[in-house]
Structures are given as C-alpha cells and as structure tokens.
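Visitor: Here the protein sequences come in this chain order: A and B.
With our numbering, the residue at position 115 of the first sequence is 115, and numbering never jumps.
With our numbering, the residue at position 322 of the second sequence is 322, and numbering never jumps.
Where hints are given, some of them may not hold.
It does not matter which identical chain is meant; a pair holds if it fits inside one copy or across any two.
Below are the SDA-like pairs computed for lysine to any residue, each with C-alpha atoms no more than 25 Å apart in a straight line [said to hold, decoys possible]: (1) 294 with 45; (2) 361 with 148; (3) 173 with 19; (4) 290 with 45; (5) 77 with 285; (6) 357 with 120; (7) 278 with 126; (8) 278 with 121; (9) 78 with 11.
If you're looking for bench data, these hints aren't it; they were derived computationally from the structure.
Every value quoted in this text rests on a predicted model; they were computed, and no experiment measured them.
Protein chains: 2
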Amino acid sequence: MVFEVINKLDNIRISKLKIGDIEVETPIFMPVGTQATVKTLSSHDVWDLGYRLILVNSYHLYLQPGEDVIKKFEGVKKFMNWKGLLLSDSGGFQVLSLSDIREIRNDGVVFKSFIDGSIHFFSPEFTVKFQETLNVDIMMTLDVCPPYGISEDELRKFTFLSIDWAKRGKRVKEDGKGYLFAVIQGGLNLDLRFKALEELEKEDFPGYGIGGLSIGEPWEKTKELLQNFVKNMPENKPRYFMGLGDPISIMDAVEVGVDMFDCVYPTRIARNRTLLTKYGKLRITKSEYKFDDKPIEEDCDCYTCKNFSRGYIHHLFKAKEILAPRLATIHNLRFMYNFMENLRNSIKKQKYYEFRKEFEKDFLKNFKREKVNFGEWVYNILWNKNWYK
Amino acid sequence: MVFEVINKLDNIRISKLKIGDIEVETPIFMPVGTQATVKTLSSHDVWDLGYRLILVNSYHLYLQPGEDVIKKFEGVKKFMNWKGLLLSDSGGFQVLSLSDIREIRNDGVVFKSFIDGSIHFFSPEFTVKFQETLNVDIMMTLDVCPPYGISEDELRKFTFLSIDWAKRGKRVKEDGKGYLFAVIQGGLNLDLRFKALEELEKEDFPGYGIGGLSIGEPWEKTKELLQNFVKNMPENKPRYFMGLGDPISIMDAVEVGVDMFDCVYPTRIARNRTLLTKYGKLRITKSEYKFDDKPIEEDCDCYTCKNFSRGYIHHLFKAKEILAPRLATIHNLRFMYNFMENLRNSIKKQKYYEFRKEFEKDFLKNFKREKVNFGEWVYNILWNKNWYK
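Using the sequences and the accompanying hints, generate a full structural model.
Guide: See below:
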C-alpha cells in the first residue's frame, strides 16, 4: 500500500492511495456493497460509474452467504466479480445496531443473528481472520461504538476496549493479506481520542478509522472535535471517517483533513425516491414531476440523465417498478462521484473555498443534514436492556 | 407494414415483419413491458438482449401514468426511450383479470381501478383511440375473453361481442397511426372461431390475435383447436397467440402456423427465482447451488452467465437483493431469444423436428406446463414491496 499526500490547502489534503495495480485519489467516497452488491447494481455498473474502491459489510456477509461460501469463492471480490479495491468493516457496528446483543465481554461480543435468531460470537481476533477470508484490501479492527450521551466512565471503558481489541486483532493479522486499519473511538472527548491514537500508534497501524461520530450528537460538536483531532493524526496515513456520506458533512470533514468516507446515504435515499442534484434533494414522486420531460439534472453525465425524464422516473416509482431504485441509484452515485472529483480538483487548484461557496449556494436550497438516530437505538440496547453489564 | 412468409415446413412458417425501419423475423417472442418497462430492465437492456419488438399493457398505462402523461410525452416509446417496435394490447384482458368488473355492456366495460378504486369505462372505440395515443406500431381490438367452462350460449355471446367490438374499433381507427389487429375469440368451439374469422376478414384486418386460450383449459384441447383452426387463417397475415410464453407451448403453436407470442412467463418466473436452462427450469435458491461456482448455463452468452456464478445469484435471492431478479430476468430473456433464434434456424434448414426432439430431450427433465394463477401474482406483488425497504 502506497499512501502519499500530493497536495495541501490548509488542513485539506489530496493523496494517492495505491494498492496492487489500482490507484485512487483521496478525499474519496466509497459506495457500500453491504451484501456483496451495491444495492440495485452489479459490480460492472459500479465500475462504470467511476468507482474503484467500495465497502462490504462483514456482519452481513458472515451471516449470509457465510464464511464457508466466501471461502469456496476465495473471497468476496471473485464472488461478486469486482475488479476494484475492497474495504470491509469489522462487523462491530452492525452487531450493535442490527442485532440483539446478548453480551459485550472483554473478549468480544455475543449476538443473535437478525436472520434466524442463532447465537454468534465476534472476537477481535475472529473478525480479522474473517476479513482475511473476505480477501479484501483494507480491513478494520473490531470496536465498540459508544452511544452518544453515555457517561464518561462508560465512554472511557468502551474506548479502551476498542484499543485493546485493535491490538488483539493486529496480533493475529497475517502479513500480505490486506491492510488492517484501527478504529479510534472516544466520543466527543478529545483527550480520550488522543489517548486512543497514542496507544494505537505504538502498533503503527497503516491507517485509522474515526468511529463513533455522526451517531446522533450535534454536528457542531462533531466538527469541533474533528477540528482539534484530525490534524494531529499521522500525516502519512489515511484518515477514514466511517459512515459519513452527504456532501455538506463530507466537506466539513475534508476541511479538517479527513481522506476517506463511506455511507449508504446516497444509495438509500435513491431507493427512497430522493435524488441528489445541484439544487439539493429532489423528491421525484412529487406531483410537479409527473409531466416533466427534463432529465433529473440537465448537465449530468449519468446513464439515467442521458436517457430518461423526470416524468418517466416519477412514473416508475409510482408504479413500484424495480427499475426505479436502480435508475435513482445510478444517478445519486454518479452525483457523488462527480462531486468528489470536483472537490478534489478545486483543492488541486487551491480554489476549494470558492468551490464550497459556489456548491452550497444552490445545494442548500433543498438540503438539511439528516438526524441519525443510531445513537438512540444503541442507547436502548445497551442501557435499557442492560446487556453490556 | 410488410409481412411476408419466406420459408415453410408443413404448416410452420418463417416470415419477415417490417414496420418502418425495423424488421423482425417470426416466429417471434415478445417480452412484456407492462408499465412501460420490462420489469427490472431499461429499454437499452431489452434492446441489448436482442429484442426489437415488445409489448405494453394499455390497461396499466391508462391507469398509470395515465393518458395525459402519455400525450405529453407523445407516446410510450419516447416516454420509456425505446427505439424498437411496440405492440399494445387493448386492456380487455386486464380489465377482466385485475379489476372489479362493474358491468360488461354492449358498448364496453365498466370497471374499478385496481389502484384507487375509481370507476372507468373502456369502449371498443376508446381503446383504439387510447392505443393511438400510446403511439404504438401494432394495437389490438377490445375483446371479452370468455372464461373456460362457461356455457355455449355465453361463449357465443362473448365471441360475437368481440367481433362487434373489433369492427367498432376499426371504424374509428385513424390511418397512418399503427396497425390494428383483431382478436378472435370462440373458446374451444371451432365453428365459432371460423365464424369470427369470417366476420373479421370482411373488414380485412392486417393481422389477428388468437385470444381466449391457455386460460386454464386442458392443453391437449387447445392444441387440437389450433391444429384445425390456424391453418385456415389468412396465409399473408400475422397470427398472434396472445399470452403464451414457455418453449414447449410455443413449439406446439409454431407447428400449426402461429407467428407471434407474448407472455410474462420468462420474466415472472425469473423474479420468482426460476431460471430457464437447456435442462429445463432451475430453481436457483435450492441449497445445492449455494457453493456452485458455475454459471447458470455454461454456454450461455448472456451478461449474467458471462459474469456471475450460480452461488452468487443464489446468495442475491436469499439476501433479497434487487440485483437478483434483474440478473435472472436478463438470463431468462436471453434464453428465450436464443431459443426462438435456434427454432427459426431449424425451420430454415428444414430441421425443425430434429431441433424439437433434441431440445426436449434435456429440457423436459425439469419442465411442466404451468397454469397461470392469481396466487403467483399476489406473491409477486408482495415480494416487490421488499425492494423498497
């Protein structure tokens, strides 16, 4: 893995990330292929949209199709026929957000499958081994994401547990099988974040995930934390904000030096009939689009915009046609791709602040950050059910 | 419209059907694009699969997006961006099968929308006018499909009503706006069929639909009726069996001289996880395919088979991914395309009977004619809701 910062503007960086034959530029947005497909798309569709690095979810792939199938296919790239780079999460986040947690122990998490209710155990060692089986390029250490609003004691406990798990994961990591990034927790506590970074840097991880943010806390506080924290992260390693995907939040994070992003945001809202445009979000099922023969965006170069009208896509959604979420996903992912490319170009030309101002002028007409309710969810699981004790 | 029989073998015919710039060969299978999309596919996908003539349903398009939208887009081809030929049905069949019928009158059918319960009226004149608005190449007259098992009196009544409606439709048909085919009813009563044909031929329709068959009656009786009837239809006009789509039934009908077929069969069973292969039907969700790294068919030239394994498609269906019905639809439609092409080639080489024997040797291992029932429909509708989660 080669990671090289090639351009800077204040804390903002442009970098080249190269693994094997494939090179990408950061800041980068990675679409999420949860169950070995970016929903509605084949691997070739995603490649044709310009993407070379996407994410898959360990938790989902572990439960379905399962380790034995992935082994038989020698990894998920061959399984889904993806020629690009893959990053997998550890599964820790989904264990917390999608499962009945039975127990968070010092050596891992016991949980119930959301599919058939069967009981499973994720240890920090197993999740690394499993990601090696996935045969991905970048993998993440197992962590516990402390919900927003828990006590400082508990926050500290989960942060240190995540540090310990990162180290334990690294111990079993086999050389030559992808790159293991550590996840930094610590909530909004800057000292805890620094402590976590310091501890993890002793192990010299090749990159870091910034976890436990954008989970329900006020975004202004997140920005402040990022502002003070990210610039102190190692200059020569990728910084990956896990689970962030709207253009405005991405710009906030890019400004303080974050390199990598993933989120289901653009693909999920697409299936939910919402399109990203220069003028913010466009809810295509509104009656005003019924007769509209213009494309979603006049100057968009995506397959959907080059071939179909708003009126047709409006109809497809109304008629509950499977083609509808597909055409919407294609547009939103191409929108995000072009947005990131324009953003990078503006940095290279040292015109980033002008780019942001210009972008926001129209985009903010129809955009609000969406409230993430993950925090509440996890909070319920951990506190009301007392399973963590 | 040019229709020319270019090759014969007993009662079997190869013909060229040319409308505008586009020429197709019959016997032809037409995929169904019910709501202005062949489910899961864009117009370009269908074109790339080799098809140049597809069907749309007047009933569905009338209710959604509605006449005003279709008018605004100057027809359904422009609306769905389809460069090929289009055939529309009259809506009569869906009025009977999908709606609460309020009244069948001499001048048309009063029915309730399956979408919002609103009351509508289809007259034989209106359905022709509506199909002109759809701006299709081939349209069908309004008919009443007499259910299998009704009294001879009733059968006669509906058959003559359909004759009358065909004539009334023709009276309002505008020249230069597509070609209006008449639907011949008559159930299994050969005399009634002849009578209908005789009456309709007085109006010199450019082609004929054979309606009211394959609706639950024993297939042997259908074959016998076809055997005696089709050879007496005008030699120089297309003969279109409405709603037939499995390879075996198609061969039975081709042998007595039918030229055109349409059916949701290959696309519906695809969404229902069933793939068409040389060895008959393959239910991809069976556990035996979980680890299978072979394509659906080794020698298939479709996108799905060239890129993905049975194991991957098995997983996509199990995981309820939207990509699953799409990949399955692509395969099944390409299977049907190749099947029809091979069938035509065998006729041209006067080797049809050898072709059928060879085809059936493997195909019949996993094939039985299916009766279309409403259970399947409901299953489909329920399942589609999952795509929007």
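Visitor: At most 25 Å between alpha carbons: which applies to residue 173 and residue 19, within, between, both or neither?
Guide: within (18 Å within a copy, 65 Å between copies)
Visitor: When Cα atoms must be at most 25 Å apart, do residue 357 and residue 120 count as within-copy, between-copy, both, or neither?
Guide: So residue 357 and residue 120 fail the 25 Å test inside a copy (48 Å) and across (53 Å) alike.
Visitor: Since the copies are identical, ignore which copy is meant and state whether residue 361 and residue 148 lie within 25 Å (CA to CA) inside a copy, between copies, both or neither.
Guide: Intra 32 Å, inter 65 Å, cutoff 25 Å: neither.
Visitor: At 25 Å max between alpha carbons, let me know whether residue 77 reaches residue 285 within a copy, between copies, both or neither.
Guide: Classified as between: cross-chain Cα gap 21 Å, same-chain 36 Å, threshold 25 Å.
Visitor: If the cutoff is 25 Å on CA atoms, where do residue 294 and residue 45 land: within, between, both or neither? Let me know, please.
Guide: both (23 Å within a copy, 22 Å between copies)
Visitor: Are the CA atoms of residue 78 and residue 11 at most 25 Å apart within a copy, between copies, both, or neither?
Guide: neither (38 Å within a copy, 50 Å between copies)
Visitor: How would you label the pair residue 290, residue 45 (within, between, both, or neither) given a Cα cut-off of 25 Å?
Guide: This pair counts as between: shortest inter-copy Cα distance 24 Å, intra-copy 27 Å.
Visitor: Within a copy, between copies, both or neither: where do residue 278 and residue 126 come within 25 Å Cα-Cα?
Guide: neither (44 Å within a copy, 43 Å between copies)
Visitor: At most 25 Å between CA atoms: does that hold for residue 278 and residue 121 within a copy, between copies, both, or neither?
Guide: Answer is neither; intra-copy 45 Å and inter-copy 44 Å both fail.
Violated hints, listed in ascending order, are 2, 6, 7, 8 and 9; each of the other numbered hints is respected by the structure.
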